[in-house]
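Novice: So you can see what is in the structure, the chains are spelled out below.
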Amino acid sequence: SQTIHQWPATLVQPVGSPLSLECTVEGTSNPNLYWYRQAAGRGLQLLFYSVGIGQISSEVPQNLSASRPQDRQFILSSKKLLLSDSGFYLCAWSVPGGKETQYFGPGTRLLVL
Amino acid sequence: AQSVSQHNHHVILSEAASLELGCNYSYGGTVNLFWYVQYPGQHLQLLLKYFSGDPLVKGIKGFEAEFIKSKFSFNLRKPSVQWSDTAEYFCAVSPYSSASKIIFGSGTRLSIRP
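Going line by line, the protein sequences match chains H and Z. Take -11 as the starting number for the first sequence in this note's numbering and just add one per residue. Take 36 as the starting number for the second sequence in this note's numbering and just add one per residue.
Do not take every clue at face value.
In silico EDC-like pairs for lysine to aspartate or glutamate, Cα to Cα no more than 20 angstroms straight-line [unchecked claim]:
1. Z:Lys113 - Z:Glu101
2. Z:Lys113 - Z:Glu50
3. Z:Lys96 - Z:Glu50
4. Z:Lys84 - Z:Glu123
5. Z:Lys136 - H:Asp59
6. Z:Lys136 - H:Glu47
None of these hints come from the bench; they were simulated from the model. All of these numbers come straight from a predicted model, not from anything done at the bench.
Bound conformation, chain Z alone (with noise of 0.2 angstroms):
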C-alpha cells in the first residue's frame, strides 16, 4: 500500500535558519506530490505541488521542494525561516492512476523561536 513518511514530527529553529523537511513515500509508479501547511487556527492549505516537468518547484512564502525520483522523496526547504513560519506542515502523494486518492503524512510542527 502506498505511504508517505516524514520522519521528523516535530522541528524547532531560530529565525532565519534555514529549513529542510523530510519527506519520503512508497509508490513505484508515476506521482503527484504536495506540501500542505496549516497555520495555528487557519485551514489546510496548499503550499507547493509537484505533477511534472522541472523537479525543483517553488511555492507560496519562499519555500521549495525537490523530487528525487531515485530517493522516492519530496524535501521541503526554505533558506531563512521567519517566525510567521510556525506551523504544521504536511507531505501527500497522490498515484498518477489514481490522482483522486490522495495520502499524507503524519504532518512535522514548525516552531520558529524569535
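Pulled out of the complex, with its shape left as it was, chain H reads as follows (with noise of 0.2 angstroms):
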C-alpha cells in the first residue's frame, strides 16, 4: 500500500533562517506532488505541484521553492524565512490521469519566530 511521510513534524526557525522540509511517497511510481499550505480560517493554499522529476509548477510568487530531485521525493525550501511563512504545510500525492484523489501526509507546523 502507498504511504506517504512528512518530516520534521514540527519546526521553530528564527527569521533569516534557511528552510528544508522533506515529504517522501512509497508503494507509487510516478506521482503527481504537491505543497500546501494550511493557515487557519485560510483553507489549503496550493503552492507547488509536480508531474515529475524536476518538473515544478510555482502557484503563488513567494519566498518558497520546490524541488523534486527523485520520483518519489519532494522538498519544499527557503533561503530566509520570514514571520509570515510559518503554518501547517502538507504534502501530497496522486496517481496521474485525469481524475485525480489526492492522499495527504500527516503536515508539518512551522513556527517563524
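Build the complex from these two chains, which are given one at a time in their own frames, with help from the hints.
Specialist: Written out as C-alpha cells, the structure is:
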C-alpha cells in the first residue's frame, strides 16, 4: 500500500534562517506531488505541484521554492524565512490520469520567530 | 482564475440535525469535484468525489453531494449528523483540462453538540 511521509512534524526557526521540509511517497511510481500551506481560517493554499522529476509548477509568488530530486521525493525550501512563512505545510500525492484523488501526509507545523 | 467559495466558516449543529454545506466554484469548463474532511488530529482525507455521470454522489459515512452545473455548486449533505462528524470540511475543484491542479476552498468547521 502507498504511504506518504513528512518530516519534521514540528519546526521552530528564527527569521532569516533557511528551511528544508521533506516529503516522500512509498508504494507508487511517478506520482503527482503537491505542497500546500494551511493557514487558520484560510483553507488550503496550493504552493507547488510536480508531475515529474525536475518539473515544478509554482502557484504563488513567494519566499519559498520546491524541488523534486527523485521520483518520490518532494522538498520545500527557503533561503531566508519570514514571519509570514509560519503555518502548517501539507504534502500530497496523486496518481496521474485526469481523475485525481489526492492523498495527504501528516503535515509539518512551522513556526517562524 | 479558478476559485472555490465555502461561505459557511463555522457551522454548529445538534446531533440528528440535517446538514448542508455550501460550495461554489468559478470555472467555465468541465471540472472534477471533491469534498475532503479533516477530523481532529487526523490527516486530510477524501470524503467523496464527482467526475462524471450521476450528479448525486454518495460518499463515506452517509454523506452525499449534488453537482448542479447551472449553479456551479457542489453542496455537501447529510440527513442526520453525529457527534463524530465534528471536523473541518474542504471543497475542492480541478479543471478537467489540468487535473493535476486542485484548488481548495477555505474550509467549513463543523461542530456537533452531543
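Novice: Which constraints among the numbered hints does this structure fail? Numbers only, ascending.
Specialist: none
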